[in-house]
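Chains S and X are the protein sequences, given in the same order.
Number 601 marks the last residue of the first sequence (our numbering); no jumps.
Number 264 marks the last residue of the second sequence (our numbering); no jumps.
Rather than coming from a laboratory, the hints here were simulated on the basis of the structure.
Be careful, since some hints might not be right.
What the hints assert, rightly or not - Below, a list of computed lysine-lysine pairs in the DSSO-like style, where the Cα atoms sit at most 27 Å apart: (1) X:K2 / X:K124; (2) X:K124 / X:K89; (3) S:K457 / X:K80; (4) X:K89 / X:K2; (5) S:K534 / S:K457; (6) X:K2 / X:K72; (7) X:K2 / S:K457; (8) X:K210 / X:K247; (9) X:K89 / S:K213; (10) S:K317 / X:K89; (11) X:K247 / X:K165; (12) X:K124 / X:K72; (13) X:K89 / X:K72; (14) X:K80 / X:K124; (15) S:K457 / X:K72; (16) S:K560 / S:K128; (17) S:K24 / S:K457; (18) S:K317 / X:K165.
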Amino acid sequence: MSAHAHDHGHDDHIHPAPSNFLTKYVFSIDHKVIGIQFLFSGLIMFWIGGLLALAVRWQLAWPWQPIPLLSGIWAEYGYRLPPEYYNKLFTMHATVMIFFVIIPLLTGAFGNFLIPLMIGARDMAFPKLNMYSYWFMWPSIILMSFSFFVPGGAAEAGWTSYPTLSTFRWSTSGALDGQTLWLMSLLFAGISSLMGSINYITTIIMLRAPGMKMFRLPMTVWAMFITALLQAFALPVLTSALIMQLLDRIIGTNFFSPANWMVANSGNVVGGGQILLFQHLFWFYSHPAVYIMILPAMGMVSDILSTFSRKPLFGYKPMVFSVSAIAGLGFIVWGHHMFQSGMNPALGATFMLSTMMIALPSAIKTFNWLGTMWGGRLQFTTPMLNAIGFVAMFVIGGLSGIFMAATPVDMHIHDTYFIVGHIHYVLFGGSTFAIFAGIYYWFPKMFGRMMNERLGKIHFALTFLFFNGTFFLMHIIGMHGHPRRIADPTVYEFLRGSGVVGMNQFMTINAILLGMAQLIVVYNFIYSLFFGPKAPANPWHANTLEWACPSPPPYYNFLKIPTVYRMAYEYSADDVAPRDYWPQDEPAAESKDEAAVGHSH
Amino acid sequence: MKPERLWTLLFALGAIFATGCFVYARSDADWWLVPNVSTIGREIDHLFVIILLITGIVFIGTQVVLCYILWKFPDAPGRKAEYVHGQMKLEVIWTIIPASILVFLALYQMGTWSKIKFRSSMPKVQPVAEVTARQFQWVFRYAGEDRRLHTDDDLITVNDFHFVKSEPTVIHLRSTDVLHSFFLPQFRIKQDAVPGLTIPVWFDSEQSGKFELVCAELCGWGHYKMRGNVTVHETQAEFDEWLKKAKSEQNRDQLALANAANGG
Ligand code: HEM
Ligand SMILES: [Cu+2]
Ligand SMILES: [Cu+2]
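Isolated chain S, as found in the complex (with noise of 0.2 Å):
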């Protein structure tokens, strides 16, 4: 039978795992080891992107007060953070976050360890490639770190290094030899992103065990697999857009100076390029990069909902669909970051229009999870708590958005920190949180050992309040008018009453209690990681297929390639009752009794 032969093959294909410590632990080429580097990697990061952002707060709440812990240093300024510094410090406390963190987590750690474990394949397409996928971001973190210490610091343009301050070297100090390193960096970061994504997409194609239907796909393979197409779409753009920067840097090229620009000592006529070309090329690729910070934990959510809910995922080919429009419409809403930006204001209204198209999938995938707990037997364990969070979080963060879909009302909010509450309301209240998520529930397959539920629940709680008193009235502010990017409110009378600044320094109290409260996840995922009680292979009585295989999974994770012959979201079906869970990979043909007996614990 071609069936078997086929299923025969896959098991010759078992590799012997590696005997050395090198090639096990460090130059693996086991996605399982890779996601989980990627996994310690973006962790540490956080602190580090959490920290700058803690030294952000602290100046905005006390302008010019000596930030505790570090009062030792910039003596010569009076003890007092220097201005330039606080722009280095959002600059790479974003930079940091988005390439170093969440999209690193949620690709990178996530998609590695999961896509292979969940279409039943032993490992991805191209191992060695995902291997040098998670190598490439060192060199990335490693100049972005160096760039403290050259000349003129870290780079100071922001996130979104807008030309000219990030190309003309004596815009500001951060423009010397900082920006170049900011460039070579991120040029790093996107080529371990495409090597990821290359890998995601030829894996999910070609790796499916059989009966994996693209349409039995659990969700968070279908959200990995649209990022990576996302990705590979996007990314090319910025890369170039990188690159030209770095020309105009470097070499002289004038991509983005002004016509007729003349400089000193140079050529008769400089110039002739366009600033917002730039622009449009970095948002070209960063809005759909906003995407790729969202789209996988929407998938991670989505499979957590129903597993807790302990029912089948409410509308399954409405949020396929959702989550492909979402990527579709991302490549036609940039302009919407550039509606002020003296683009023509005819394209701002047609950004218009199509930015409040995309925020209609997001509506759809809302009511479907609603719908998703609605009748359900929910289980609050930490993993379901955090995907709730996320629900009610993300809810914020997608009607904010209509705000500044709004060209007019843009007008006023654009730049101000109405922005920041929208972003940290969709990049903590959705992405983190499903992060949180997705550590909680994995954990056990990831490491065979459980985490601790009760300081996992305190954990949520806690960040749950400070996370919202840390972010909300980032909308009020930003609605008054208090521009993001300053060092200092109190220079603008408007925003120097009682109101304004005792909302500056309750945001940063929460946000310094927000950050403490990350110590008990950190004690509670190291504890777990030598001392949890050991996990079953499928402790949460999940379908998909990576709680088919023993906890952690072994080397070749599937000693035989599993069969699939239902969805993943058979919950509380009939068929297998009392038993409220029905695996991917079980035989239909098994009567009931012999199914619950093979599948007790």
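Start from chain S and add chain X with the ligands according to the hints.
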């Protein structure tokens, strides 16, 4: 009460806090949209409030449903979860209704947007000033008495912007170095200043008085202090008088002054 129900309260608390912030904000001038003085600002505030109402209803609706679900459906021995995969009718409803609201919102903005930014709706008046942004100041070149820019009676001020109440006012916005953004929060006006482009911007004021000009686009280490004073004059006559006075100060012979200060 079952302990799981505490989670409902936590999520409800988040939603109540968020709603409460906006409800309270309405009553505190330090929280709400900074008081507006322009006609276009009134339209923008109106649009803001419409969106706030619609999103507010959607927000409260989804949070109530979420909290109801969390309250109503926690795991309990003997209860079985419903086995449904979705429902076409619901999908259609919750696609079409939000879609129509979003399209309505987009179309509803168009009038104000075209009025304020389209070149064709720019008031046909001479610009009151050419505004040049540079690190880290605003330079204003006013057309002098001849009401024409770039003639020898132009007046130049730094970080000091004057115009007249109830008159449509046009400026030409430029930048000489990096990006800046001309932001008048009390007038709801924002426009980036782009090196290489000259961008006309128009606005008006329904009130005379003193206001603030903000730089809203990161422009370097001094970005935070790139602040300008805005004075709206009650009448054209008052503005002319100011112009004349400023002009005579500009023309005063600094050398003579310095000599006088040094005792001749
Ligand atoms: C629900 C649909 C959404 C809409 C309608 C929307 C709309 C917008 C608009 C119009 C802006 C530009 C505002 C301005 O600068 O004036 C913006 C900025 C931004 N959005 Fe969204 N957004 C949505 C969802 C998301 C999601 C899901 C993410 C990420 C996970 C995201 C991340 C961001 C970021 C990072 C920025 C700020 C970029 C910057 O200037 O630094 N948005 N959004
Ligand atoms: Cu965008
Ligand atoms: Cu500025």
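Structure-based check of all given hints:
1. X:K2 / X:K124: violated, 69 Å
2. X:K124 / X:K89: Since the Cα atoms of K124 (chain X) and K89 (chain X) sit roughly 53 Å apart, the hinted pair is violated (cutoff 27 Å).
3. S:K457 / X:K80: holds, 25 Å
4. X:K89 / X:K2: violated, 35 Å
5. S:K534 / S:K457: holds, 20 Å
6. X:K2 / X:K72: holds, 11 Å
7. X:K2 / S:K457: holds, 16 Å
8. X:K210 / X:K247: Status holds; Cα separation ~20 Å.
9. X:K89 / S:K213: Given pair K89 (chain X), K213 (chain S) holds - Cα atoms ~26 Å apart, limit 27 Å.
10. S:K317 / X:K89: Since the Cα atoms of K317 (chain S) and K89 (chain X) sit roughly 14 Å apart, the hinted pair holds (cutoff 27 Å).
11. X:K247 / X:K165: Given pair K247 (chain X), K165 (chain X) holds - Cα atoms ~21 Å apart, limit 27 Å.
12. X:K124 / X:K72: violated, 63 Å
13. X:K89 / X:K72: Roughly 24 Å between the alpha carbons, so the hint for K89 (chain X) and K72 (chain X) holds.
14. X:K80 / X:K124: violated, 71 Å
15. S:K457 / X:K72: holds, 20 Å
16. S:K560 / S:K128: holds, 23 Å
17. S:K24 / S:K457: violated, 34 Å
18. S:K317 / X:K165: With a Cα-Cα distance of about 58 Å, the restraint between K317 (chain S) and K165 (chain X) is violated, given a limit of 27 Å.
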